[in-house]
Amino acid sequence: MLLALAQWLAQDVRFFSVFNYITLRTVFAAMTALGISFLVGPKMIRKLTTYKIGQSVRSDGPQTHLVKAGTPTMGGALILISIAITTLLWGDLRNQYVWVALLATLGFGVIGWVDDYRKVVHRNPKGLSAKAKMFWQSIIALAIGFYLWSSASLPAHTELIVPFLKFLVFPLPAVLFITLTYFVIVGSSNAVNLTDGLDGLAIMPTVLVSGALALFAYVAGNAVFSKYLGIPYIPGAGELAVFCGAISGAGLAFLWFNAYPAEVFMGDVGALALGAAIGTVAVIVRQELVLLIMGGVFVVEAVSVMIQVASYKLTGKRVFRMAPLHHHYELKGWKETQVVVRFWIITILLVLLGLATLKLR
Amino acid sequence: MNMDKQTKKRGTQALGETHVSAANVMVTPNAQVRFWIITILLVLLGLATLKLR
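Chains as they are written, first to last, in numbering that gives the first Met the number 0: chain A, 0 to 360; chain B, 0 to 52.
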């Protein structure tokens, strides 16, 4: 909205044309999302506490987590509100990718919200059933896949890019493209949700990955840079940098309240939505495999659950002391803050590796 | 800024802003992470000077 206003004002006052720059709007988007979260955060936490919207803690989880019971949850709504307002303010609302990313985020947020609401307010420990959750996630992810396929105007829009290998590009037929989109978005969403088990563990990697994706989106949307770096040129994808900036800003502000000992948890409403957001951006800018590298912590957390379940069902034995992986390290004697900061450090390294794929190919 | 010598009173509960925060309300890891966040923002502000001039 502000872009349209600035463009209108720029007809008379040339200074306002500075808002056409994506880089500037990305910085402003991050700052706006940060500001909104800082302003609204304390009030929201007070409201959640007043209405007793507190987290219930698994009795079979690590014993050290029992003190977390009652900590306000559904704080992810704060992140989503900040991202939505900021994107609507600073994004180019004529850009289809902005709407796809925003609607995917809010759609997954609604699924998480219903799940949280049933668990916390209705005191239904099952929340939304796994089948119902997967059904609605699938509907949204398939709709995104179908839309992106039908709106693709260049072959580059639907090719699978292999990191580090410049000439290894796989043109995807419709079925494979939509299937890949489905797995990236749903997988990323659920992986972030599984990672969200310790204070600050999920949000910082999300901030880092979305910051890196902002750079990928900017480069992919710029004809000169994309040609120079040998990545597919996706006209309009640069605008997703503004969206990613909003995620980073809102996420960093949320971390302020979510750092150990957390004053608020994001809940499924935040985790499912943020995972879907980074998955959707990765699909649009054709960097699914790079997301797999940068979001390595999310991947390993999800894979640890799969291995644990498969191993227990097949052999009756557990591979890890507890799944997801962060609980395994807690039970090995690492303190919660050690696990969290070490996983952050790993994510920093993986994000740098992901960024290196821009040049090393 | 501790005013011990002039007023015989402490301006802050402990020296070093981190100790003030810890002594007030914040548990140490909380204070640490919040100081990291402030540093990240300041670094970004510093980097922004590359473009904003």
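Just to be clear, a hint being listed does not mean it is correct.
Said to hold, decoys possible - Think about it this way: if two alpha-carbon atoms lie no more than 25 Å apart in a straight line, the pair counts; the simulated DSS-like pairs of lysine-lysine are:
1. A:Lys51 - B:Lys50
2. A:Lys358 - A:Lys165
3. A:Lys165 - A:Lys125
4. B:Lys50 - A:Lys358
If you are wondering where the hints come from, they were derived from the structure by calculation, not from laboratory data.
Verification of the hints:
1. A:Lys51 - B:Lys50: violated (46 Å)
2. A:Lys358 - A:Lys165: holds (10 Å)
3. A:Lys165 - A:Lys125: It is violated: about 47 Å lies between the C-alpha atoms, which goes past 25 Å.
4. B:Lys50 - A:Lys358: Judged against 25 Å, a Cα distance of about 22 Å means the pair holds.
Checked against the numbered hints listed earlier, the structure breaks hints 1 and 3; every other hint is satisfied.
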